[in-house]
Amino acid sequence: MRPSAAMTDAWVLDASIAIRWVLDDQARPQTDDLLARASVDDVHVPDIWRYEVAQVVVRQHRECGRAGYRALELANRLYGLALLVDQPLTWSRVLHCIGWSTGLGVKLPDAVYVDLAYRRGLPLATLDRKQAEAAKQPGVRIIWPLPDLA
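Numbering (the numbering used here), first residue to last: 1396 to 1545.
Hints listed in this document are in silico derivations from the structure and should not be mistaken for laboratory results.
Remember, it's a predicted structure, so these values are computed and weren't measured experimentally.
Where is the CB? At the ideal position from N, CA and C, for every residue including glycine.
Just so you know, not all the hints are guaranteed correct.
[To be verified] Per label pair, the in silico range of CB-to-CB distance:
1) 1531 to 1471: 32 to 38 Å
2) 1474 to 1424: 22 to 28 Å
3) 1497 to 1460: 35 to 41 Å
4) 1524 to 1460: 28 to 34 Å
5) 1485 to 1428: 34 to 40 Å
6) 1516 to 1460: 40 to 46 Å
7) 1497 to 1471: 34 to 40 Å
From just these sequences and the hints, can you work out the full model?
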């Protein structure tokens, strides 16, 4: 199933997909198709999304030296996407997400994405199988992962 056929007009984007966009050696046609959709759909991300993607860029730069500049260039392209960044996490929202994390058995950052998708009533695009399975428990629809990408 191609993203264009399965997508709605609005969805939540997990950092796992954006990281594939940033790292050339992990790029796939399906994630590139999703990047094209991101330029026309309403794509929601939590406040932590930017930090998660930036952390990968920093790590890539440290580990790959000059080759890491390519990751920085690609990350700069993400800056041009009209992402809808959710409000900064309040302490009460963090506590709520801790509940999601412990209840669903996922890492806290993954729970933040599930929380956003649940609150907005939007599907979640992720390559993280554990997060995807956990998100289904409260009824969040998953539009990724595709079997050959996870």
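Structure-based check of all given hints:
At roughly 34 Å, the beta-carbon separation of residue 1531 and residue 1471 lies within the given 32 to 38 Å, and the hint holds. A C-beta distance of roughly 23 Å is found between residue 1474 and residue 1424, which places it inside the suggested range of 22 to 28 Å. In this structure, residue 1497 and residue 1460 meet the distance hint of 35 to 41 Å, their C-beta atoms being roughly 40 Å apart. At about 32 Å, the CB distance of residue 1524 to residue 1460 agrees with the hint of 28 to 34 Å.
The hinted window of 34 to 40 Å between residue 1485 and residue 1428 holds, with their beta carbons roughly 35 Å apart. The hinted range of 40 to 46 Å is satisfied by residue 1516 and residue 1460, whose Cβ atoms lie roughly 44 Å apart. Under the hint 34 to 40 Å, the C-beta atoms of residue 1497 and residue 1471, about 36 Å apart, fit the expected range.
Every hint from the earlier list agrees with this structure, and none is contradicted.
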